[in-house]
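**Q** Chains as they are written, first to last, in my numbering: chain F, 1 to 340; chain Z, 341 to 528.
Calculated directly from the structure, the hints in this document are not laboratory data. The structure presented is a predicted model; accordingly, all values stated were derived computationally and were not measured. Wrong hints could be hidden among the right ones.
[As the list claims (entries may be wrong)] In silico SDA-like pairs for lysine to any residue, Cα to Cα no more than 20 Å straight-line:
1. Z/K469 to F/Q289
2. Z/K469 to F/L331
3. Z/K469 to F/W284
4. Z/K469 to Z/P513
5. Z/K469 to F/K160
6. Z/K469 to F/Q288
7. Z/K469 to Z/A520
8. Z/K469 to F/D309
9. Z/K469 to F/D326
10. Z/K469 to F/D283
11. Z/K469 to F/T329
12. Z/K469 to F/P291
13. Z/K469 to F/Y315
14. Z/K469 to F/R313
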Amino acid sequence: MRRSIWLASVAVALMAAAPGLVQAQPEGKGRDRDRGGAERGPPGKGADRDRGERSARGPDREREDRGGRAEPRRERPEARGRDNDAGKWAERRDREGERRAREALRPPGKTADRDRGDRDRGDRDGRDRRYDRDDGRRLVWLRREPDRRMIDGCPPGLAKQNQWCLPPGQLRQIARTRYERPRYDYVWRSYRDEWDYRYGDGYLYRYSPQGSLLGYIPVLGGALSIGSAWPGQYDWQPVPEYYGRYYGLGDSYDYRFSDGVVYGVDPQTQAIQTIAALLTGQDWTVGQQMPTGYDVYNVPYQYRDRYRDGPDRWYRYDDGYVYQVDPNTRLIQTAIQLLA
Amino acid sequence: MSRMLIRGALIVGAIAVAACGRSDIDDSGSAQPAEASLASVLERNPGHARLEAMIESTGLTEALAATGPYTLFAPPDDALATAGGDADMTDDALKAQAAQLLRAHIVPGALTRADIAAAVDRAGGEGAKMRTMADAVLTFTRDGERLVVRGPDGPAVALSGDEALARNGVIQPVSGLLLAPSTAPGAG
Numbered sequence: 001m002r003r004s005i006w007l008a009s010v011a012v013a014l015m016a017a018a019p020g021l022v023q024a025q026p027e028g029k030g031r032d033r034d035r036g037g038a039e040r041g042p043p044g045k046g047a048d049r050d051r052g053e054r055s056a057r058g059p060d061r062e063r064e065d066r067g068g069r070a071e072p073r074r075e076r077p078e079a080r081g082r083d084n085d086a087g088k089w090a091e092r093r094d095r096e097g098e099r100r101a102r103e104a105l106r107p108p109g110k111t112a113d114r115d116r117g118d119r120d121r122g123d124r125d126g127r128d129r130r131y132d133r134d135d136g137r138r139l140v141w142l143r144r145e146p147d148r149r150m151i152d153g154c155p156p157g158l159a160k161q162n163q164w165c166l167p168p169g170q171l172r173q174i175a176r177t178r179y180e181r182p183r184y185d186y187v188w189r190s191y192r193d194e195w196d197y198r199y200g201d202g203y204l205y206r207y208s209p210q211g212s213l214l215g216y217i218p219v220l221g222g223a224l225s226i227g228s229a230w231p232g233q234y235d236w237q238p239v240p241e242y243y244g245r246y247y248g249l250g251d252s253y254d255y256r257f258s259d260g261v262v263y264g265v266d267p268q269t270q271a272i273q274t275i276a277a278l279l280t281g282q283d284w285t286v287g288q289q290m291p292t293g294y295d296v297y298n299v300p301y302q303y304r305d306r307y308r309d310g311p312d313r314w315y316r317y318d319d320g321y322v323y324q325v326d327p328n329t330r331l332i333q334t335a336i337q338l339l340a
Numbered sequence: 341m342s343r344m345l346i347r348g349a350l351i352v353g354a355i356a357v358a359a360c361g362r363s364d365i366d367d368s369g370s371a372q373p374a375e376a377s378l379a380s381v382l383e384r385n386p387g388h389a390r391l392e393a394m395i396e397s398t399g400l401t402e403a404l405a406a407t408g409p410y411t412l413f414a415p416p417d418d419a420l421a422t423a424g425g426d427a428d429m430t431d432d433a434l435k436a437q438a439a440q441l442l443r444a445h446i447v448p449g450a451l452t453r454a455d456i457a458a459a460v461d462r463a464g465g466e467g468a469k470m471r472t473m474a475d476a477v478l479t480f481t482r483d484g485e486r487l488v489v490r491g492p493d494g495p496a497v498a499l500s501g502d503e504a505l506a507r508n509g510v511i512q513p514v515s516g517l518l519l520a521p522s523t524a525p526g527a528g
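Bound-form chain Z, shown alone:
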């Protein structure tokens, strides 16, 4: 009886993970993407409500639901809450800034955490670089056991949490923004 309960719990757990868009691992060890698109995975994830709202307000939902693939480095809601200073980046008045900020967090193709780790190890001290849709370059390095990524002029932020493999790309949660917000008026 207890064995049946455990098996049932495992099945429910597996379904929950799949519903969140996280990757499954097949027999060969390869990551298997979910059926849902990046936009759908984000929509279901309450931890990225602000990011999802910015995508919606800027009109990028269609692009992130379509073919891609893209890898989206997803800052947490509290980091995005500071992105506009006193202003709200999800506001329609800041759509242009929000769109540019989002493009700075998106790179072409599907980058799994294992792909990034392999590239960092191969690149050595200089780090592994990836081009963003804002025409800037992100640099990945290691900080101890952690993988970190740094945008142009931005701080090093950690790749945190679980990656989510969507049908058309990957969501890589990061601990902060890849561009550093200005700290004072006029410093932008």
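So here's chain F without its partners, still in its complex pose:
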């Protein structure tokens, strides 16, 4: 069972040494201020390959943009006119995302006045003003579900027949499908768990080592392809507001996280419109060991001057956050939001 860790005390302690660390977020403050994160145009569908430019330019440029200087906003033609409902996405997040995502709450005794003092320190520093906007937020994460949200039974329209999900009347396909696995299905071995996986018609099926069908999930490029309607029976996690701002998501779509992928879904048609981001969904919990698989320094270029490895601390990037890690114990010391 995971332990809840108070982030704020660690963040405050580190503030003096590393200005720019986001403070742990008090609950329930500042949501109205947060809505500015929806300013960016939605990614939409098409060929604007540099849409993430604003998010990737680093703190100084971001602050300049918010200062009201005229910079043409980049957005897709089909998305125009839908931005008038700015804040809708953030509101939806308020209702669902933060309710369902894991949270790190403010520790007891951390008062609003103290919050304000931390914020002021950032202002005086001159570099961290942009973090003010986040002082009212809770830190939230998207985590990959250990069971991948497997669904029991068979996809709609298919019937379970001898451990396979097939259209009614196609029993003859069983032998061919089961015993002549396509050569390209090796790609599912990357899951590296105790189950056996087979793909068919948009869905990935999980089998026990004994060959029993255990469930299925729709997968990226299959039933979760651009243009496909979101499978109604498939659960997902709403994307918390911070991820929306970090990855430059707009208001036009519902953003849904599932099995390491952020999808943009048309709220009216439920059709997938964009693959917005890939996430590892690893569990980074302050006070716990760093997850396996982050041995290489990987901090984004624009933050390397601020978060550089040293003999007493490492910094590792994952899914929009930078984490400070003790090199000796590999314990995570604090989580840092890169955008605020």
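Starting from the known structure of chain F, fit chain Z onto it as the hints suggest.
**A** This is chain Z only, laid out in the frame that chain F set:
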């Protein structure tokens, strides 16, 4: 006159390198990323046409053009040509497999060749490990002077050619696939 010609050639060469998304080195020795995104850099690189086609067919172009950052380990076209056995991984019918294969070649953050080398040297014999977007772990080691990377059940492949530092990540060319294709039907 000859000096002017040489200077002109150097400028043209520098522009060509920047256009390909390769890294420049500033006065401090730090790598400087190009303005182009990963998707744009790949699009301009004829050596990764098949990889680019797979990214397009799977709908990952937007993600690789956006904030990131990601590091993409880019197999050559001839390796990807064998990825689907007799089938073509760029075909729409294999989008799901192509997407999973691509995720197995992408890790979070910006990993320069120097970062990887430093981590390998620090890690010693066990190698340095990185988590992929397919929830698997890659292991980096040295093979003589070369840096090599091995995926789950995959062969060790070399980090080859020049890295390309894009605005939102890094493209690290590798000499082969990080997952080993099945050699026979039913062996997947």
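**Q** Does each hint hold? Answer for all of them.
**A** Taking the hints in turn, this is what the structure says about them:
1. Distance check on the hinted pair: Z/K469 and F/Q289 sit about 15 Å apart at the alpha-carbon level, within 20 Å; holds.
2. Straight-line distance between C-alpha atoms of Z/K469 and F/L331 comes to about 17 Å, which keeps the hinted pair within the 20 Å bound.
3. Restraint check for Z/K469 and F/W284: the C-alpha separation of about 16 Å stays at or below 20 Å, so the hint holds.
4. With a CA separation close to 18 Å, the supplied pair Z/K469 and Z/P513 stays within the 20 Å bound.
5. Annotation: proposed proximity of Z/K469 to F/K160 is violated, straight-line Cα distance about 40 Å (limit 20 Å).
6. Restraint check for Z/K469 and F/Q288: satisfied, since their Cα atoms lie roughly 18 Å apart, inside the 20 Å limit.
7. For the suggested pair Z/K469 and Z/A520, the alpha carbons sit about 18 Å apart, so the restraint of at most 20 Å is met.
8. Distance hint between Z/K469 and F/D309 is fulfilled; the C-alpha atoms sit about 17 Å from each other, no more than 20 Å.
9. Between Z/K469 and F/D326 the alpha-carbon distance is near 17 Å, which keeps this suggested pair within the 20 Å criterion.
10. A distance of roughly 16 Å separates the Cα atoms of Z/K469 and F/D283; the hinted pair therefore holds under the 20 Å criterion.
11. Taking the CA atoms of Z/K469 and F/T329, the gap is near 17 Å; set against the 20 Å cutoff, the hint holds.
12. Of the supplied pair hints, the one linking Z/K469 and F/P291 holds, its CA atoms being roughly 11 Å apart against a limit of 20 Å.
13. With a C-alpha separation of about 15 Å, the suggested pair Z/K469 and F/Y315 falls inside the 20 Å cut-off, and the hint holds.
14. A C-alpha spacing of about 18 Å is found between Z/K469 and F/R313, which places the hinted pair at or below 20 Å, so the restraint holds.
Hint 5 from the list above is the single one not met by this structure.
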